[in-house]
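S.K.: Single-letter residue listing:
Protein chains: 2
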Amino acid sequence: MNRYWTDVVRTLQPYVPGEQPKIDNLIKLNTNENPYPPSPQVLAAITAEANGLLRRYPDPNAERLKRTIAAHFGLEIGNVFVGNGSDEVLAHAFLALLKHPAPLLFPDITYSFYPVYCRLYGIEFETVPLRDDFSIAVDDYARPAGGIILPNPNAPTGRAMALGEVRRLLDAHRDIAVVIDEAYVDFGTDSAVGLVREYPNLLVTHTLSKSRSLAGLRVGYALGDAGLIEGLERVKNSFNSYPLDRLAIAGAVAAFEDQAYFEQTRQAVIASRDALDDALTALGFEVLPSGANFVFARHPQRDAAALQLALRERKIIVRHFTAPRIDQFLRISIGTEAECAALVTALQEILG
Amino acid sequence: MNRYWTDVVRTLQPYVPGEQPKIDNLIKLNTNENPYPPSPQVLAAITAEANGLLRRYPDPNAERLKRTIAAHFGLEIGNVFVGNGSDEVLAHAFLALLKHPAPLLFPDITYSFYPVYCRLYGIEFETVPLRDDFSIAVDDYARPAGGIILPNPNAPTGRAMALGEVRRLLDAHRDIAVVIDEAYVDFGTDSAVGLVREYPNLLVTHTLSKSRSLAGLRVGYALGDAGLIEGLERVKNSFNSYPLDRLAIAGAVAAFEDQAYFEQTRQAVIASRDALDDALTALGFEVLPSGANFVFARHPQRDAAALQLALRERKIIVRHFTAPRIDQFLRISIGTEAECAALVTALQEILG
Chain A
250 MNRYWTDVVR TLQPYVPGEQ PKIDNLIKLN TNENPYPPSP QVLAAITAEA
300 NGLLRRYPDP NAERLKRTIA AHFGLEIGNV FVGNGSDEVL AHAFLALLKH
350 PAPLLFPDIT YSFYPVYCRL YGIEFETVPL RDDFSIAVDD YARPAGGIIL
400 PNPNAPTGRA MALGEVRRLL DAHRDIAVVI DEAYVDFGTD SAVGLVREYP
450 NLLVTHTLSK SRSLAGLRVG YALGDAGLIE GLERVKNSFN SYPLDRLAIA
500 GAVAAFEDQA YFEQTRQAVI ASRDALDDAL TALGFEVLPS GANFVFARHP
550 QRDAAALQLA LRERKIIVRH FTAPRIDQFL RISIGTEAEC AALVTALQEI
600 LG
Chain B
250 MNRYWTDVVR TLQPYVPGEQ PKIDNLIKLN TNENPYPPSP QVLAAITAEA
300 NGLLRRYPDP NAERLKRTIA AHFGLEIGNV FVGNGSDEVL AHAFLALLKH
350 PAPLLFPDIT YSFYPVYCRL YGIEFETVPL RDDFSIAVDD YARPAGGIIL
400 PNPNAPTGRA MALGEVRRLL DAHRDIAVVI DEAYVDFGTD SAVGLVREYP
450 NLLVTHTLSK SRSLAGLRVG YALGDAGLIE GLERVKNSFN SYPLDRLAIA
500 GAVAAFEDQA YFEQTRQAVI ASRDALDDAL TALGFEVLPS GANFVFARHP
550 QRDAAALQLA LRERKIIVRH FTAPRIDQFL RISIGTEAEC AALVTALQEI
600 LG
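Order-wise, the sequence lines are chains A and B. With the first sequence counted from 1, adding 249 to any position gets you our numbering. With the second sequence counted from 1, adding 249 to any position gets you our numbering.
Next up, chain A with everything else stripped away, as it sits in the complex (with noise of 0.2 angstroms):
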């Protein structure tokens, strides 16, 4: 505490990312990160950006990011918003479109950041419990809501929803503002995006950090109804004017364009993934199906936090939380097949 703090600065209760090790030779499977590195074309593009010109302000409004995102979708620049990683993104969105009389929805098991912003803007919110297999039942959400918010895939489950249960979510909530979390839809999950020009109460947020490599660059978007945007762009327009750099900018549309390392990449995290399922399944965990690029796993027999330090004992780092339902589980990254493999066989010296 300090005798200058707001009042607000008092009250939060701010979020912890995962732990970004500074030692060498760790097998990092504890932040999502992609294992492989971003296209050529995109490090060539940020290359070829890093000159005279960065004495220049970005462009305020990233046009050329919007309209290469827009033609991906085949959607319209003013369907877009961009910003400094979708963290960023949805930061905004709680401000501009998810703070009503009526609390904000979101499940009990979920990304750890919503109510992080809840309190930073003073959002009253409700958090709706998972079902015991840690599916999302669209029908408990059916209760007076200010907005919605929902990661689909769930992280940390890795659970996704078909296509048909978040059309019913949206049905049954054309009042509210409904923003589904895409952060990892890449990896195996249907995506609401084609539903933006149906439904104008539709968010949807996206990243570049996970299935396009680029963590380390902090770019993410959102798409959704005009009308929905402009909220967004109100709201950054009264926070900051550039939040996203020349480097950035030019890295991003770079890495729309290569589409086909795009999908080269994404494929095989996903076998890489399958593959780490049936290896945990075999060692007795048990392990939820995901549609993300990490598991969330659990073994009968074994404390999670006790297997989270063995592994760390292995130079291996996984994600345990703390709270409560999950606190038996691990949230294991998908690695390169080597990695995978090094987990495994740590696990298998472990587990005795």
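A couple of the hints might just be wrong.
Unchecked claim - Here are the simulated SDA-like pairs of lysine to any residue, each with C-alpha atoms no more than 25 angstroms apart in a straight line: (1) K271(B) x E479(A); (2) K564(A) x A595(A); (3) K564(B) x E506(B); (4) K271(A) x R561(A); (5) K271(B) x R305(A); (6) K271(A) x R313(B); (7) K271(A) x N300(B); (8) K271(A) x D523(B); (9) K271(A) x E506(B); (10) K564(B) x I599(B); (11) K271(A) x I599(B).
Claimed, not checked - Sample of chain B residues at the chain A side, in silico, Cβ under 8 angstroms: (12) W254; (13) P263; (14) A464; (15) S490; (16) D494.
No lab work stands behind these hints: they were computed from the structure. Computed from a predicted structure; not experimentally measured. Ideal Cβ placement from N, Cα and C applies to all residues, glycine included.
On the provided structure of chain A, position chain B as indicated by the hints.
M.R.: Same frame as chain A, but now just chain B:
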């Protein structure tokens, strides 16, 4: 208006940044960018960082950059906050330190983003008139206040406050946070950074956009007592864990490492500014004394809006604000010697 917007977003009046024209061959003297490119060491550092590790998140705490900045100013790492441009740093400061029951005070003529932040966060504010010569009268701030923010030098006037006046302001307001926004300080204004250890209520904000020629990279920072910085960190970690991408961190570190280049380019800008001041005065302009990389000038016989348009016809862009008291001024960023010479020639033609 959109039916899904929150009450907050309905009442916003977003900031309008200076135009970033997409036409080539313009002499762009409207957004206070540096006429010189960034240090070659910065470009080399960015190019080196454009590698496969972009798949990994950056250090959320940007420790390497914080250590570099702390060492540069003889402070500790806990005295440094970094963000995605000083606009983001300021936004967080408004919410963390300047939202109190008593109104925030700032000059009637100042950076026009301040009232925008206030509306974003619901902060009451009062403006304090500058003197007729556009200088800041410290004694006029002796009124009930929840916080004070002032740019030094002020924008868009360019007028600097002497350090003794800043100290007098701090002495008179030890019970509230005082933010000195030093975006332009390196062009000949005395910095308050040396007072940080003495005043636990002082926050100083800087940017790499101006004197380090990196508007396109989006890096700003704040220096202050560790308690104030912790307040900013709490807000930042409730908004976006990773505001600085890997390339921005690497480039910003390199900018501080090439001190010789920084000195050379800022002295060149100062020399050009003083020469432009003389030339404008010879053309009949009244030029306010500037401690920045721009001048603020009016011509007693010519309408400022008309002058701006006439310059634009000659492909020279300067900034004109329609606000009361300053609507007969032009704000002219300092260009290269050739750009300043072209401006003077154009004005000679226009004035006949």
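S.K.: What are the numbers of the hints that this structure violates, sorted from low to high?
M.R.: Violated: hints 3, 8, 11.
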